[in-house]
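K.L.:
Sequence:
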Amino acid sequence: MFGTLQQLIVFALSTAAFVGAIWGLIDAARRPNSAFQAAGKQSKTLWVVILAAATVVAFLALPWPLGTGGGIGGILGIAAVVAVIVYFVDVRPKVSQYGGPPQGRNRMNQGGW
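The numbering of the sequence shown is our numbering, which starts it at 1254 and goes up by one.
Please note: incorrect hints may appear among the correct ones.
[As the list claims (entries may be wrong)] Simulated pairs of lysine to aspartate or glutamate, EDC-like, Cα-Cα distance not exceeding 16 Å:
| # | residue 1 | residue 2 |
| --- | --- | --- |
| 1 | Lys1297 | Asp1343 |
| 2 | Lys1294 | Asp1343 |
| 3 | Lys1347 | Asp1280 |
| 4 | Lys1297 | Asp1280 |
I should point out that these hints are in silico values taken from the structure, not numbers from a laboratory. Only a predicted model underlies this, so the values are computations on that prediction, with no experimental measurement involved.
Please construct the entire structure, taking both the sequences and the accompanying hints into account.
P.N.:
As structure tokens, this is what we get:
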């Protein structure tokens, strides 16, 4: 019983790390390079590379049905999770102040009829 519960928890944490890494990668790629410079953070290119590596590591760490690993608990998996957390907690809030991702036309704010 505890073995199955442990496998389920490892699968959930590994999947969450993978989804977070993808989300961070897409978010960093959509932000302008000037926002990273204005926020005083590392370059956009470096963050995209770091988050792409974290995405690959998180995918490879997924348990067997999806990936090839035994979970995100290894040293590379932990490093990937730390990179994603640093991006979301430190870099993303600062970069958001200087320019977000390009927005499409919002029909609610168009005025007229």
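K.L.:
If a hint holds in the structure, say so; if it does not, say that too.
P.N.:
Now for the hints, and whether the structure bears them out:
no.: 1; hint: Lys1297 to Asp1343; verdict: 14 Å, holds
no.: 2; hint: Lys1294 to Asp1343; verdict: 9 Å, holds
no.: 3; hint: Lys1347 to Asp1280; verdict: 13 Å, holds
no.: 4; hint: Lys1297 to Asp1280; verdict: 11 Å, holds
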